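Residue numbers (our numbering), protein chains in the order written: chain R, 50 to 385; chain L, 50 to 385; chain G, 50 to 385; chain P, 50 to 385.
It should be emphasised that the hints constitute simulated quantities derived from the structure, not laboratory data.
Note that the structure is a prediction, hence the values are computed from the model and not measured.
Just so you know, not all the hints are guaranteed correct.
Given that identical chains are not distinguished, each listed pair holds provided it fits within a single copy or across any two copies.
Said to hold, decoys possible - In silico DSS-like cross-links for lysine-lysine, where the CA-CA straight-line distance does not exceed 30 angstroms:
| hint | residue 1 | residue 2 |
| --- | --- | --- |
| 1 | K243 | K137 |
| 2 | K164 | K65 |
| 3 | K379 | K137 |
| 4 | K98 | K204 |
| 5 | K73 | K383 |
| 6 | K71 | K308 |
| 7 | K308 | K65 |
| 8 | K62 | K125 |
| 9 | K65 | K379 |
| 10 | K244 | K308 |
| 11 | K108 | K125 |
| 12 | K81 | K125 |
Number of protein chains: 4
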Amino acid sequence: MLIVMESQTGEDKILKVINFIKQKGFDAHISKGESHTVIGCVGRKVIDKRDIELLEGVKEVIRITSPYKLVSRVFKPDDTVITVNDVKFGGGNLGMIAGPCSVETLEQVDETARKLCDAGVKILRGGAFKPRTSPYAFQGLGEEGLKILRQVADKYNMAVTSEIMEVSHIPMFLDYVDILQVGARNMQNFNLLKKLGEINKPVMLKRGLSATIEEWLMSAEYIMSGGNREVILCERGIRTFEHMTRNTLDISAIPVVQKISHLPVIVDPSHATGLRDKVAPMSKAAIAAGADGLIIEVHNNPDCALCDGAQSLHPEEFAELYKDLQVLAKVVKKSF
Amino acid sequence: MLIVMESQTGEDKILKVINFIKQKGFDAHISKGESHTVIGCVGRKVIDKRDIELLEGVKEVIRITSPYKLVSRVFKPDDTVITVNDVKFGGGNLGMIAGPCSVETLEQVDETARKLCDAGVKILRGGAFKPRTSPYAFQGLGEEGLKILRQVADKYNMAVTSEIMEVSHIPMFLDYVDILQVGARNMQNFNLLKKLGEINKPVMLKRGLSATIEEWLMSAEYIMSGGNREVILCERGIRTFEHMTRNTLDISAIPVVQKISHLPVIVDPSHATGLRDKVAPMSKAAIAAGADGLIIEVHNNPDCALCDGAQSLHPEEFAELYKDLQVLAKVVKKSF
Amino acid sequence: MLIVMESQTGEDKILKVINFIKQKGFDAHISKGESHTVIGCVGRKVIDKRDIELLEGVKEVIRITSPYKLVSRVFKPDDTVITVNDVKFGGGNLGMIAGPCSVETLEQVDETARKLCDAGVKILRGGAFKPRTSPYAFQGLGEEGLKILRQVADKYNMAVTSEIMEVSHIPMFLDYVDILQVGARNMQNFNLLKKLGEINKPVMLKRGLSATIEEWLMSAEYIMSGGNREVILCERGIRTFEHMTRNTLDISAIPVVQKISHLPVIVDPSHATGLRDKVAPMSKAAIAAGADGLIIEVHNNPDCALCDGAQSLHPEEFAELYKDLQVLAKVVKKSF
Amino acid sequence: MLIVMESQTGEDKILKVINFIKQKGFDAHISKGESHTVIGCVGRKVIDKRDIELLEGVKEVIRITSPYKLVSRVFKPDDTVITVNDVKFGGGNLGMIAGPCSVETLEQVDETARKLCDAGVKILRGGAFKPRTSPYAFQGLGEEGLKILRQVADKYNMAVTSEIMEVSHIPMFLDYVDILQVGARNMQNFNLLKKLGEINKPVMLKRGLSATIEEWLMSAEYIMSGGNREVILCERGIRTFEHMTRNTLDISAIPVVQKISHLPVIVDPSHATGLRDKVAPMSKAAIAAGADGLIIEVHNNPDCALCDGAQSLHPEEFAELYKDLQVLAKVVKKSF
């Protein structure tokens with residue numbers, strides 16, 4: 050940490066700051082510039098920088114060590130590649146996940162999965178526990194939904210991902226699901242993250258609606274610090290002033306994250322835009338910008354979907370898009 | 050719901066829309082204007098308005114019934130007054146809650162509580178389970194912290210509020226705590242909200258960092274729909290582009306909420322600003338704007354606080370502020 | 050406009066609303082639903098909807114006619130194609146603009162332009178009047194800068210675009226510049242927009258830092274309503290909470306604008322990200338999402354640039370990127 | 050500026066950075082910490098910190114000198130007090146400005162001003178040139194409006210403030226107006242700011258819709274650096290995700306600005322909230338938080354206002370509010 054003193058601060062105040070940080074267990078390195086004295090604050094203790102900022106004569110306190118460790122390329126320079134059902138995410142490999150927003154019936158999931166399987170998809174998504182703003186909205190089928198997902202996935206040789214909202218559900222999810230998904234609203238549900246750090250299956254961590262990239266990576270750090278090294282980051286749009294799309298997909302987050310972190314980062318264009326006709330252009334943009342994969346909502350009959358039908362592709366639309374994406378992938382020297 | 054058709058839409062498209070909503074279980078009332086046909090969509094079913102927006106010829110779909118019921122003044126016109134340890138929130142009464150950010154030691158809590166008690170405070174706050182962005186930061190004392198709070202509160206005849214982060218902790222909290230606090234990061238932890246709807250103690254619901262007032266009220270609706278009618282709303286600052294304060298306290302949320310909802314709304318100026326010297330002006334602003342109470346961080350020795358010392362008042366500063374606020378309260382015809 | 054009355058509003062209040070809007074010059078069409086009466090407010094006058102919302106019994110007032118006319122596809126269904134120096138923007142054609150952030154010296158512009166010309170670029174960008182947050186920062190060379198741009202462009206058979214900040218500069222710009230650029234900070238400088246509506250050269254209108262798409266289109270409407278039909282929209286990033294990039298490039302704005310408006314929309318990845326190594330991925334993402342062109346900062350010696358060198362490409366980096374983009378363009382069935 | 054090098058950066062890279070900044074005209078002071086080498090970069094030249102951040106081995110570059118000088122309390126520790134028509138803003142004095150949003154007719158302004166004069170107001174506001182999002186909305190009466198304002202103000206011994214949008218209008222405004230107001234949309238119209246720095250009348254500078262406090266102060270610096278030392282800052286709400294109010298009034302900006310700057314800061318609760326019934330609570334909040342004055346919209350007949358009637362107070366409502374505010378002012382030891 051660097052403590053910048055106000056210009057022309059007297060020696061007495063500088064000494065007080067030094068004593069303060071020494072008392073907190075840090076060493077102090079003083080450097081006098083032309084206009085400002087800067088105190089380097091060295092040590093491994095944790096201190097709230099605002100505590101120092103309140104001391105007299107202190108102009109600014111600057112944190113210089115990154116708050117994340119395990120997620121960082123400093124810790125692990127090479128790309129983490131996560132493999133699920135032969136699908137690889139990261140390291141030049143593109144992964145595709147598709148399926149309905151919510152599990153509604155066996156028939157719906159079966160028909161959707163069959164068509165996705167025909168299109169070459171190997172990981173099926175589907176919501177069984179739904180985070181809904183209103184207590185009066187459809188909340189998902191619960192465990193019954195997970196059972197349907199598993200049954201259908203097994204039939205078509207697919208893997209399954211579904212959203213988990215609650216610590217006590219972890220054992221249940223481990224029975225049915227191959228990738229446990231943490232939704233945007235739970236990105237800072239720290240107890241859930243800690244517990245997911247103790248399991249042996251990949252976790253897909255969505256970015257919170259107004260989370261910074263640093264906060265997102267810190268949430269991944271929670272999972273990794275528990276021992277689970279398989280985290281897939283998922284950009285799904287952030288809240289902005291623009292209301293013509295549900296959220297604003299932050300495509301630039303892809304190269305930013307990839308520079309800092311070794312973890313794969315995929316994109317969810319369906320939730321980000323909330324509009325079916327924007328899914329194709331944003332999927333292409335994501336791949337062109339270097340994303341490590343996509344998660345796309347597909348429903349066998351979107352007009353009758355119980356949830357988010359408006360942003361779901363018809364299986365035929367998806368199949369066509371997937372072909373286009375495979376051509377595009379070659380241009381950026383990757384492949385699904 | 051109102052469905053506005055594009056101007057010059059043919060009868061066939063209008064009919065398709067009518068059939069679509071009838072199939073979904075709604076009645077249709079058609080109204081032809083000079084430029085636009087408007088279809089009123091009447092019924093009690095839930096439908097995603099984007100599903101209709103995707104139909105051909107539809108210009109816009111407008112929801113006209115409020116999504117909240119129990120929290121609304123339409124449901125209950127009179128102010129809800131919540132009483133804890135003789136302190137009343139709402140209906141012209143002002144409640145004061147104060148205490149340290151985190152419980153650190155028995156001595157710290159005892160000394161702080163004693164001074165707060167002398168100043169006239171009857172409800173003690175203190176964090177035992179702390180939501181921290183970093184897994185490496187101090188996470189709170191856990192149940193030991195709740196024990197300390199209870200022990201000290203009993204000694205000084207105070208009530209206790211503390212933040213709960215996890216469904217499985219509810220029984221523990223019911224043993225020690227009088228008001229269960231839901232933090233900003235858990236405002237949309239819907240499972241937690243549902244379970245808090247089933248208890249018999251007041252819940253203080255903080256507004257999420259980038260939540261709209263409507264989303265905040267919907268989260269309160271989750272609690273109320275479970276049967277618990279004692280919800281205190283707490284405005285604690287929203288995320289904006291301004292970085293000179295930790296967050297931006299949305300003072301105008303106070304009169305806005307009070308017009309729509311019968312629930313009391315209090316303000317947390319300490320977390321909102323993150324800066325000790327901004328707590329007094331923002332506390333005064335909140336009371337002047339009509340808030341039903343305050344929750345303020347006070348620490349017996351802020352310079353040594355393990356968490357958020359920078360925003361904590363010294364007990365003496367607090368006592369002086371509390372006196373000023375009592376004078377101010379009279380001007381707006383209320384009292385603590 | 051639709052006026053939704055509160056449920057169970059008495060006839061007298063409904064009548065008062067009807068009288069109010071009639072007095073303002075509108076016709077009223079009443080439609081009684083099961084729970085709400087809706088009054089259609091028909092006419093060509095302008096009225097502030099909040100004036101109606103304040104009347105007793107009114108629940109909500111909803112505007113149903115779009116505020117933009119000339120920019121809309123309803124007014125002109127086909128893509129507007131804007132041609133400058135044989136470069137076409139829109140209608141399946143991609144335009145490329147490149148050059149330094151600021152004009153510094155004749156040598157700098159000449160060397161940069163020569164290399165851009167070799168790479169196939171036909172429109173040169175360069176700032177002569179710079180909008181700087183600080184009065185103490187380099188403000189540009191002024192008219193001298195425009196002269197340099199023109200001289201160099203003529204030498205290499207290029208067209209020129211540069212930012213205009215001030216109504217009184219229009220005649221000067223018309224002497225030197227082929228596309229007049231309105232910067233993000235002047236997107237709502239309405240006097241400037243009006244005057245640019247009266248000229249005979251294309252205007253490139255950048256989106257404001259926190260402008261919605263609707264506000265952006267309304268600013269284009271200002272220009273078009275003056276008679277100038279040649280407006281190129283330019284997405285250059287919006288302000289969000291993310292600080293790892295200078296702004297957040299809103300890629301989804303491309304398909305959104307293209308659906309509503311016939312005007313071409315290009316992307317400025319350099320200002321959006323503020324970082325050289327993010328320019329390539331974001332340029333590719335923009336083209337993949339359907340943008341009608343790009344404007345990219347290139348400097349012959351970025352390390353010595355007086356302004357924004359950090360986001361400028363070396364001419365060699367640009368040439369390589371441009372080749373990649375031409376391959377990518379074919380995949381989305383367009384060409385530069 | 051402080052340049053923090055990555056840990057374990059080799060001597061060669063450190064030397065390159067030192068050479069780079071020396072070449073740019075700065076001195077270098079090296080300080081080696083346990084984990085990081087920090088290079089102090091000392092000098093008066095201007096450099097874009099991103100240029101340094103792009104050098105190999107550089108972790109972060111931190112600006113430590115404030116970008117503003119003249120607006121800062123370091124430059125002038127005592128409050129600036131600005132006096133207009135015996136009304137003082139700043140230094141413990143509260144100023145009140147009131148009047149209609151737009152000048153419509155002589156009668157309207159006369160009747161409003163007469164009632165405001167009776168209530169004790171000495172500065173009249175009124176818009177003659179209106180910044181409107183739509184080119185089809187009422188744009189104001191122009192110079193005719195300024196004439197009406199002056200004529201009425203002279204009759205009641207009042208001063209006048211009105212918004213200026215355009216450099217070429219300055220001489221006209223100097224003829225009629227006592228305080229020249231810069232609107233939110235023009236906060237970064239730097240040419241206008243520069244020219245207003247050369248006049249001899251006070252300027253009221255509104256904060257931009259999504260401007261940070263630092264950007265706002267830098268715009269004030271533009272005016273002051275031209276020689277005009279009479280700048281009144283006006284907080285008028287910032288854009289946030291909350292849509293139940295037009296904008297979010299940032300009350301905490303008041304104490305934040307007052308700590309950094311000697312300039313008076315007033316509040317516009319009418320534009321901030323956009324709703325008449327929120328003007329009183331927010332006016333009180335502003336005074337309680339320490340604002341140096343208010344500017345409030347009052348219209349003799351708000352229901353017939355051509356602009357923003359919905360947020361305008363009736364003269365009687367205003368008179369009552371003004372009395373309440375005078376009582377409140379005493380509590381914070383100030384007076385109008």
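Violating hint indices (sorted, rising): Violated hints: 4, 5 and 9; rest satisfied.
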